[in-house]
Every structure is written in C-alpha cells, then in structure tokens.
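Quick note, the sequences are listed as chains A and B, same order. Numbering follows this note's numbering, in which position 8 of the first sequence is assigned residue number 8; successive positions increment by one, without gaps. Numbering follows this note's numbering, in which position 25 of the second sequence is assigned residue number 25; successive positions increment by one, without gaps.
Just so you know, not all the hints are guaranteed correct.
[Unchecked claim] Within a straight-line C-alpha distance of at most 16 Å, the following computed EDC-like cross-link-like pairs (lysine to aspartate or glutamate) qualify:
| # | chain 1 | residue 1 | chain 2 | residue 2 |
| --- | --- | --- | --- | --- |
| 1 | A | LYS85 | B | GLU113 |
| 2 | A | LYS85 | B | GLU20 |
| 3 | A | LYS85 | B | GLU92 |
| 4 | A | LYS101 | A | ASP57 |
| 5 | A | LYS85 | B | ASP116 |
| 6 | A | LYS85 | B | GLU135 |
| 7 | B | LYS87 | B | ASP154 |
Just so you know, the hints here were simulated from the structure itself, not pulled from any lab data.
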Amino acid sequence: MHTRAEIGYDSKIEGDIVHTRLDAAINWFRKYSMWPMPMGLACCAIELMAAGASRFDIARFGAEVMRFSPRQSDVMIVAGTVTYKMALAVRRIYDQMAEPKWVIAMGACASTGGMYRSYAVLQGVDRILPVDVYVAGCPPRPEALLDAFIKLQEKVSREPVQ
Amino acid sequence: MTPLEFALQLKGRFPEAFSEPVEFRGECTLKLADAERIAEICGFARKDMGFDYLVDISSVDNYGDDPRFTIVYHLYTHAQRCHLRIKTDVAEQKAELPTVIDVWRTADWHEREIYDMMGIRFRGHPDLRRILMWEGYPYFPLRKDFPLAGKSSDVPEVAFTNTTPMMGGPFVTIAGGKDSIAREPRVRIPESDSISMTGRVERREDIKDAHGKAFGPGPIEKKP
Chain A
1 MHTRAEIGYD SKIEGDIVHT RLDAAINWFR KYSMWPMPMG LACCAIELMA AGASRFDIAR
61 FGAEVMRFSP RQSDVMIVAG TVTYKMALAV RRIYDQMAEP KWVIAMGACA STGGMYRSYA
121 VLQGVDRILP VDVYVAGCPP RPEALLDAFI KLQEKVSREP VQ
Chain B
1 MTPLEFALQL KGRFPEAFSE PVEFRGECTL KLADAERIAE ICGFARKDMG FDYLVDISSV
61 DNYGDDPRFT IVYHLYTHAQ RCHLRIKTDV AEQKAELPTV IDVWRTADWH EREIYDMMGI
121 RFRGHPDLRR ILMWEGYPYF PLRKDFPLAG KSSDVPEVAF TNTTPMMGGP FVTIAGGKDS
181 IAREPRVRIP ESDSISMTGR VERREDIKDA HGKAFGPGPI EKKP
C-alpha cells in the first residue's frame with residue numbers, strides 16, 4: 001500500500017504505528033476541518049450559501065460547519081462589499097477568532113473594493129486583515145470558492161506549526 | 001380631496017407661513033418660509049388633517065446659493081390617499097431646525113440620515129448619531145463640496161478612511177469611445193488593464209462582432 005508522502009504508512013511493515021512529522025499531522029487535522037466564519041455582506045454571500053448547499057457541497061472539504069460564532073471558527077470568508085462602517089465589525093470579529101486563523105477575500109469587492117469607488121467603501125479587506133486567498137469574480141461561482149478552499153488547504157499544509 | 005385642496009387648507013390655517021402652493025403633475029408642494037415652525041405645522045397636518053404617514057425626509061444642497069440647504073418632507077394620508085410635500089430652507093451657518101420626531105416616530109432615522117450625510121442638526125432629536133458612516137467620521141459626504149473619492153481621515157483606535165482611486169481597475173468606465181458601449185468596461189481586455197501606466201486601452205474585437213453593427217467599440221489600438 002502506497003500512500004502520500006506526508007504520512008508514510010505501510011500496514012504490513014508497521015502494524016498500527018504511523019510515522020509522520022508533528023507539523024504534517026497537525027496541519028492534516030487542521031486543513032480538513034476548517035470551520036468558516038461566514039462574513040456575508042453582499043451578493044457574494046448568496047454564492048457562499050450555494051457552496052454550502054448540496055449541489056456544490058463544501059462538506060467535501062471538511063468546511064461545512066458554518067460557525068456564526070467567531071470563537072469556534074478557523075477561516076473567515078469575507079463575502080461582499082466591506083464598507084468603512086462594517087469594517088469596524090469585520091475587524092472586531094476577526095480579532096475574536098482563535099489562532100490559528102485564515103481569511104478568504106471572496107469576490108472583487110472584498111479583494112479590491114470592486115466597482116464601488118466611493119468614500120463609503122473600504123478598497124479591499126486586506127487593508128485591515130491579512131488575507132490568505134483572493135477569489136476573483138463578481139460574484140465568484142461556488143467552484144471558485146471551493147478552489148480557493150483547496151488552495152488554502154495547500155497553504156495550511158505547508159505552514160510550520162509553532 | 002385633491003393635493004391642492006389639502007395645500008390650500010394648510011395655507012388657510014397658516015397664511016403667513018407659506019408661499020403659494022405649486023402643483024406639478026398632480027403633486028403639490030408648499031414652501032415654508034421659517035424652518036423653525038416645521039414641527040408645529042407638521043403637528044397640525046397630522047392631528048387635524050390626517051397626514052398619518054411621513055414617507056420621507058430628504059435634503060438638498062444648493063451649493064453656492066443662500067440659504068444653502070433645502071429640507072423636503074413627504075407626507076401621506078392613508079384615509080384620503082393623498083400626498084403633500086413641504087419644503088423649507090436652512091442656512092449653512094445655522095444648519096439646524098426642530099425635529100418632527102414627536103409628530104411621526106419614523107422621523108428618527110430619516111433625520112439621523114440627513115445629519116450624517118448633510119450635517120444638518122435636528123434640535124430636540126433624542127439620539128442624533130450618524131447612521132450610515134461610522135461614529136467619529138469627520139465629514140458630511142453628500143454635500144456638494146465633498147469629492148466622490150472621499151477624503152482621508154484617521155481617528156486613532158477607532159477607524160480610518162482613505163481617498164479612493166478613481167482611475168484604472170477593471171470596473172471603471174473610460175472616456176474616448178464614440179458611444180456608451182465603447183466606453184463600457186466589458187469591451188476592454190482584462191489582463192491588459194494598464195491605463196494608468198501607458199495611457200493605452202486595449203479593446204476586445206469580439207464585442208463588435210457580437211453586435212454585428214457599426215456601433216461596436218471605437219478605434220482599436222493595437223500594441224506595437
């Protein structure tokens with residue numbers, strides 16, 4: 001039996017023992033159980049709901065448990081237009097999330113302000129949060145969000161555990 | 001009763017307060033000379049004339065004129081199914097008038113919005129805070145002398161704003177095309193979006209084919 005390199009396991013030789021690195025094991029736990037904080041602010045949130053529903057099914061990546069409490073969530077999905085007034089709340093909720101935490105900027109508005117070039121709109125949520133993955137689209141299709149999730153999982157599996 | 005009859009009834013009660021009612025396409029507007037009397041007049045309109053619904057309060061910035069601001073009250077009576085509009089002017093130095101929150105409770109948020117966007121204060125309002133912008137924001141963005149891009153501000157430990165870039169990016173309509181279709185963002189090639197750097201705009205040729213007519217995008221500049 002040949003498995004992935006990060007968890008080298010051969011039951012014939014090793015029995016019930018798995019050899020791996022601590023980093024790889026912890027990151028493996030983390031990346032298949034990333035509970036999202038759905039920061040739905042505009043129409044992108046509709047696509048986020050579609051990604052969570054049966055047709056696209058974000059549960060395939062272990063992220064189906066949308067937590068509306070920041071204290072129980074790992075990845076904040078900023079889906080929609082971030083106004084300056086809402087930016088205060090977004091930042092506060094992010095601060096309340098427990099480490100380790102990640103951020104996906106979903107759609108043009110969350111990434112850059114999008115078409116809203118105005119005094120009221122924050123020109124990209126990366127002005128206040130460290131964004132890990134940007135998703136293009138207005139709004140992005142659910143597949144694009146799932147792709148962002150896979151990219152984030154790859155990123156998580158590369159991170160050293162402190 | 002028609003809107004004009006309501007307007008004349010109101011003017012008959014306060015003859016010196018109003019100018020002549022103006023009727024346009026079945027809608028009637030009364031101009032109140034002294035903004036300080038707005039609460040008293042609205043109270044009469046509600047209690048004695050049956051205008052039980054305040055549809056909206058809006059404000060106009062007549063920038064450069066004096067008085068600078070106009071406040072517009074839209075009244076409606078459900079019993080008679082009739083609208084009435086009352087306008088009144090407020091000078092920039094004063095920028096204050098009485099609240100009508102004791103007449104219609106819905107005036108609460110309307111007046112807060114006007115305070116937030118125009119900086120006009122409503123005397124007697126119980127909770128005159130900003131409603132759309134964050135608390136502590138130093139400007140009034142719907143005034144005519146405020147730029148669309150906004151102004152930079154920074155309230156330490158609270159929030160900040162930056163001036164928004166108005167040029168470049170994939171969503172901005174650009175000048176130069178001969179018609180509105182040629183100026184739209186979708187005629188540009190997304191990956192070559194470098195207007196701010198080169199001044200050149202690349203346009204998609206297939207959009208023109210999609211229309212199949214002469215009104216496609218304007219002259220197409222090719223890269224050398």
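The hints, checked one at a time:
At most 16 Å may separate the alpha-carbon atoms for a hinted pair to count; LYS85 of chain A and GLU113 of chain B meet this at roughly 14 Å. Taking the CA atoms of LYS85 of chain A and GLU20 of chain B, the gap is near 43 Å; set against the 16 Å cutoff, the hint is violated. A threshold of 16 Å between alpha carbons decides the hint, and for LYS85 of chain A with GLU92 of chain B the separation of about 27 Å lies outside it, so the pair is violated. Under the criterion of a C-alpha separation no larger than 16 Å, the hint pairing LYS101 of chain A with ASP57 of chain A is inconsistent with the structure, at around 22 Å.
For the hint linking LYS85 of chain A to ASP116 of chain B, the alpha-carbon distance of about 12 Å falls within 16 Å, and the restraint holds. Only pairs whose Cα atoms come within 16 Å are accepted, and LYS85 of chain A paired with GLU135 of chain B is accepted, the gap being roughly 8 Å. Of the pairs offered as hints, the one joining LYS87 of chain B and ASP154 of chain B is violated, with about 36 Å between alpha carbons and a cut-off of 16 Å exceeded.
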